[in-house]
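Chains C and U, in that order, give the protein sequences. Here my numbering is used: the first residue of the first sequence is 1, the next is one more, and so on. Here my numbering is used: the first residue of the second sequence is 1001, the next is one more, and so on.
Keep in mind the hints are simulated off the structure, nothing from the lab. Misleading hints may appear alongside valid ones.
Calculated pairs, SDA-like style, for lysine to any residue (alpha carbon to alpha carbon, straight line, at most 25 Å) [unchecked claim]:
no., chain 1, residue 1, chain 2, residue 2
1, U, 1198, U, 1296
2, C, 178, U, 1138
3, U, 1160, C, 11
4, C, 207, U, 1097
5, U, 1180, C, 173
6, U, 1160, U, 1143
7, U, 1160, U, 1097
8, U, 1160, C, 194
9, C, 207, U, 1161
10, U, 1161, U, 1217
11, U, 1160, U, 1202
12, U, 1257, C, 196
13, U, 1257, C, 144
14, U, 1180, U, 1195
15, U, 1180, U, 1069
16, U, 1044, C, 10
17, C, 178, U, 1228
Which residues of chain C face chain U? A few of them, derived with a C-beta cut under 10 Å, are [unchecked claim]:
no., residue
18, 3
19, 7
20, 97
21, 101
22, 122
23, 125
24, 145
25, 146
26, 180
27, 181
28, 190
29, 192
30, 194
31, 195
32, 197
Beta carbons are placed, not taken as given, at the ideal position from N, Cα and C, and that holds for glycine.
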Amino acid sequence: MAMLNDAVREQAAQFLQELPHPVRIAMFTQEIECEFCRETHQLVEEIAGLSGQISLEVYDFVADKEKADEWGVDKIPAIAIVGADDFGVRFYGIPSGYEFTSLLYAIRAASTQETDLSEAGHQFLSELSKPVHLQVFVTPTCPYCPQSVVLAHQLAIASPLVRADMVEATEFPHLSIKYQVMGVPRTVINETGHVEGAAPEPMILDKIAEALAGAEE
Amino acid sequence: MDIQPLIVTPVKEHARVPLYDLVIIGGGPAGMTAAIYAGRAALKTLLLLGATPGGQMSNTEMVENFPGFPEGVGGANLAQRMQQQAGRFGAEMLVDTATAVDFSARPFTIRTNSQAYLAKAVIVATGAVPRMLGVPGEGEFFGRGVSTCATCDGFFYRGKKVVVVGGGDSAIDEGIVLTKFADQVTIVHRRDELRATKIYQQRAFANPKIDFAWNSVVEEVLGNEVVTGVRVRNVKTGKPSVIDTDGVFVYIGMVPKTDIFRGQLEMDEWGFIVSDEHRRTNVSGVFVAGDVQDYLYQQVVVAAGSGAIAAMEAEKYLGEYPLSEIETEKQKSEPPGVCEE
Ligand SMILES: Cc1cc2nc3c(=O)[nH]c(=O)nc-3n(C[C@H](O)[C@H](O)[C@H](O)COP(=O)(O)OP(=O)(O)OC[C@H]3O[C@@H](n4cnc5c(N)ncnc54)[C@H](O)[C@@H]3O)c2cc1C
């Protein structure tokens, strides 16, 4: 059975209608011990079929370890959205439920390289001197979560120093415990910093600055 | 595996401020229903969905009392259906939040983060957001044990203990949802009986995982890195005590979302927008629907109903006061303080 019903497929196709530049979806999967690999694979296959600008590559997490290392993929199912560059946009766990929206946004932004970031946001990013890793923990039933994921991915697309992951908390319970996720969205910044809730752009930027300053001490 | 509604994004490329017959602010059941009616009435309609398309429905596990769904319907699913129905009749939809409005002259101006829009008529359907306890620790531990969304965060309380604060439908229903994850759910309620609908009460009383702290109010949320407990006080005896818990879910009612309309639309002392039975506000051409004007019922079906009324009234109003093209052009050439990109 198709993952996307007709109405959703139509909406998605329309959303991805005029992608100016090609986008690669690289998916990492595994036959066993991966609850949602099969569904994730099917989902990206259906998405890739919606636009001639989207190509799909599927890798085995074990057999293609080199590829996984190259793209910094350390858990599965994983999706890397790659445009003219690898902007560091990743999805760990299936982007279903509300996160389907985040997936479409990531594809479109990787193609257009356009973001909704403010002038101040771009300024902030241009002054970054150290790498930033954002991990946005979500559940598929959280309506506020795509805001945080989309923002994190846009920051990654706008800056070569930023990479951003969606992490589906229920599929990676050990990470939820490690990062003390008790509510979503929760954005973990460079392992140490964190933001609770769907924080707006200025607040995320403040927290990034804080985390970077804290790491210096 | 569910795939939820596609969120549409603001398009930033308008060279000038676009004019609509009707701008609906809010994408809950009230706004979506209004958009269905407006679309069918062939009004050029923009629906601003804000940060939570679907509104409160989108974090409601199951809606059992919306007619036409005898088995009940998932809140997110119902939201998705309404959104698709609104789209089908031509309403444009954007995930954009109104940050300021000017209702002092027609066409009205609605400003968002990225853009300004002009409207010959407006429906305000911004709904309501959870009321918070306002006690020490609540803000500090928000997202670290304090939550207002059981459907979002329930998963993290598998095998744990949680407290639900409140005694109405939402508190009891979400308390029952939480028993799917948590081992124990303690409902803290300030009275000695529940306000919730009987069917919810019966289910809660029959659920072995649910217990009650009656006549009790939460005075502090306790914790270090994460929540460890709540300090409560018995309002009858005055006696304080501590309930150990891993999570606190707050369902003590809703507050209307009306800040951006302050000074322009008449409100009651609680901030609900005042309207007549035709959902007309004190500004001619501005209508209101849903929880933002309803402190009494706050139900999906009621919000949808008032959305229909507001849209039908807006259509009638636009027929009577079409706003001539010349007038419109004049207004458009000098939109109040709008910066173009
Ligand atoms: C946990 C819970 C369970 C519930 N269960 C039920 C139930 O079983 N049955 C039932 O009938 N009712 C239930 N309700 C109540 C019901 O959900 C509400 O009455 C209904 O959603 C109100 O609809 P609304 O459209 O007025 O507002 P809301 O649903 O609150 O929607 C408001 C909309 O406005 C948008 N918005 C806000 N500000 C702006 C802005 N500045 N610019 C643009 N957009 C904005 C938001 O993004 C949102 O889309 C429940 C509520 C809760 C919280």
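Using Cβ atoms only, decide whether residue 194(C) comes closer than 10 Å to chain U, and label the hint accordingly. Since the shortest Cβ distance to chain U is 9 Å, the answer is holds.
Using 10 Å as the Cβ threshold, decide whether residue 101(C) counts as touching chain U. This hint holds: residue 101(C) lies near chain U, its Cβ roughly 4 Å from the closest one there, short of 10 Å.
Tell me if the straight-line CA distance from residue 1160(U) to residue 11(C) falls inside 25 Å. Violated, at roughly 40 Å.
Next item in the hint list is residue 122(C). Is there a CB on chain U closer than 10 Å to its CB? Interface hint status for residue 122(C): violated (14 Å vs cutoff 10 Å).
Pair hint residue 1257(U) and residue 196(C), alpha-carbon separation not exceeding 25 Å: This hinted pair holds, its Cα atoms lying about 21 Å apart.
Agreement of residue 207(C) and residue 1097(U) with the hint, judged by alpha carbon distance not exceeding 25 Å: 23 Å, holds
Need the status of pair residue 1160(U), residue 1143(U): alpha-carbon distance at most 25 Å? 16 Å, holds
Evaluation of the interface hint that places residue 197(C) against chain U, nearest CB under 10 Å: 5 Å, holds
Taking the closest Cβ pair, is residue 97(C) under 10 Å from chain U? Given a least distance of 5 Å, the restraint on residue 97(C) holds.
Are residue 1180(U) and residue 173(C) close enough, with their CA atoms no more than 25 Å apart? Distance of about 17 Å is within 25 Å: holds.
Is residue 178(C) within 25 Å of residue 1228(U), Cα to Cα? 18 Å, holds
Compare the distance between the alpha carbons of residue 178(C) and residue 1138(U) with 25 Å, and conclude whether the hinted pair is satisfied. With Cα atoms ~23 Å apart, residue 178(C) and residue 1138(U) stay inside 25 Å; holds.
The structure fails hints 3, 7, 9, 22, 23, 28 and 29 (numbered hints given earlier, in ascending order).
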